[in-house]
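From first to last, the protein sequence lines stand for chains U and Y. Quick note on numbering: numbering that gives the first Met the number 0 labels position 47 of the first sequence as 46, and the sequence is numbered without any gaps. Quick note on numbering: numbering that gives the first Met the number 0 labels position 100 of the second sequence as 99, and the sequence is numbered without any gaps.
These aren't lab readings, by the way, just hints derived from the structure by calculation. Hints are not guaranteed to be accurate.
Claimed, not checked - Here are some of the chain Y residues that sit facing chain U, going by a computed Cβ distance under 7 Å:
1) Ser-12
2) Val-222
3) Glu-237
4) Thr-243
5) Val-246
6) Ala-247
7) Lys-257
Predicted, not measured: the structure shown is a model, and the values here were computed from it. Quick reminder that beta carbons are idealized off the backbone N, C-alpha and C, glycines included.
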Amino acid sequence: MATQVFVLIPHAAGKADDAALELLSAARAMFPGVTPTALVLGAGADQTAVAQEAAAAYPEVWGFSQEVLAYPNAELIRPLLLKILPAGAVVLLPHSTLGIDLGPGLSVKLGAAYLPDVVGFDGIDGSLLKVVRQEFSGQVSAHVQADIVKGAVITVRSGAFQPAQPGPAAGTVVDKSAEAAGLTARRRFVEVVQAEAGDVDITREDVLVAVGRGIGEQDNLSLVDELAEAMGATVCCSRPIVDAKWLDKGRQVGTSGATVKPKVYLALGISGAFQHLGGLKGSPFVVAVNKNPKAPIFQAAQVGVVGDLMELLPELTQQIQKAR
Amino acid sequence: MEILVCVKRVPDSAENEINVAAGGADICREDLVYAVNEWDNYAVEEAIQIVEREGGSVTVVALGDAEIEESVRREMAMGAEQGLMLVDAGFAGSDGLGVATILKAAAQKKRYDLILTGAQAEDGAAQVGGMLAALLDHPYASLVNKVDVNGQTLRIGREIEGGSQELSDIDLPCVLSIQTGINEPRYVGLRGIRKVASVEIPVLNGADLGVDLASVGKAAAKVRRVDYFVPVVSAGAEMLTGSTKEVAAQLVELLKAKGGLN
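Sequences are here, hints too, so could you generate the full structure?
Spelled out as structure tokens, the structure:
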């Protein structure tokens, strides 16, 4: 089917995110033969730089430069996209905090299907697009089919598609800033408050003992502390532990926490949702202990143990103390 | 402030091992423990805290079959005065837009200043709040981890990448999706549940809501799940077996070899 495909280029500080090339791959996989158009919204020199960078990969770039677009506010971007997109357009967004903010409402306003957090592509038959999503923190996958005859808004999970190689010839940047004039929203950006630094810098540690929901109760954290002390390691955690206020935010690993690059990562009672694994880089040696043999963490680990932390931790601590 | 909180009853993935049923038509639902979606508890708690500060009332709404009553009562026991159940066989199989269409009709039964949802559901797509806002033509913010009321405007925080917080001002009425960690949801004891056991909860069907059943449900869904499956994955972890002592001994050797003992 004749579809026009658009990719919103996420960027910060004058540089496109890695997602820009992953989204190009996703667009090419789903709509072969269609030349996707990159949309670069921003302000000033940053916007100009990102538009040029995007043109190295995308044959056509539409640029929108306005002071009000300096920070990406979904409540401003949505009406702009409504104004400039042709009927039946397919829009690809990163499944980021911006994509999550922008996508659902955009699909409603466009009258288009919404396909969020896509991790794979499984074919297109006429106007029926089939993609892969995950549910229950990645424990199961699902094929999801959407009728995109009236267009689609698709958010793509980071890392799900390999970054595309930039094309041989530079693309053209079409300046459409005038169309973005006079944008207003009932939600006004104020500022970004950076995450507080904690008492330890887990991003610099080589050996991390990470604890998750499976630890059960706050009192049980002492078992984790004792093990970490025996190992000479630092304790970090997954999101539920921070939500429960058992450990500081500075100890959280994941997309909404810190990105760590340890040599060894011992994951205790962590299911391994992609938001957590997104913060684990540098190919560490991962050992996972979980009571659920289906936990996705076992796919990311080199060594796994299905078992009870309450039994294993004291035994392991004791044996390490003896071995020294 | 009149606040509507949308909640969902879901299989609790922290308590359940989720398996695909034969043929992939569904997950295995026998023996599943159901609970209120974790994010929704934070949304209800936030609504209650706002009303404690600013006055007003909290209404909890859920969509589903008769079993949602347990979920609605549990959330009411936290301190929400009113409940609302949206039940109609014609709602079954709705996609995100269908659910948002039904919730929109419920939200228009009364003038709500603020509508909250959880940021996402265990089995969901983080979509209904944003769709509901668009249908109501309200401003929207997702992943909200702070709400301060300043008259007809809220100063809100959104959790963005790296754990930073994006602050904005948003006009009322609006829709917010609430992120976990924004507060500490209060404990609900048996006494709390008993207190709301006899409160009447209105049950509205499609006709009561004025929802055209042709616009929702399975037939109207633009997006539908074809099947569940277990992805073909890498070999995964080498699993250690044996007694606790034996497993621990193997782990000590591995940690030593890989530099895990500093």
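Hint status (Cβ of Y/Ser-12 to nearest Cβ of chain U, threshold 7 Å): 4 Å, holds
Given Y/Glu-237 was flagged as interface, is its beta-carbon under 7 Å from a beta-carbon of chain U? 5 Å, holds
Interface hint for Y/Val-246, Cβ within 7 Å of any Cβ on chain U: Y/Val-246 check passes; min Cβ-Cβ to chain U is 6 Å, inside 7 Å.
Interface hint compliance - Y/Val-222 to chain U, C-beta minimum distance less than 7 Å: 4 Å, holds
For the hint on Y/Thr-243, does the least C-beta distance to chain U fall short of 7 Å? 5 Å, holds
Against chain U, with CB atoms and a cut of 7 Å, does the hint on Y/Ala-247 hold up? 4 Å, holds
For the hint on Y/Lys-257, just tell me whether its beta-carbon gets within less than 7 Å of chain U. 4 Å, holds
Every hint, counting from the list given before, is met by this structure.
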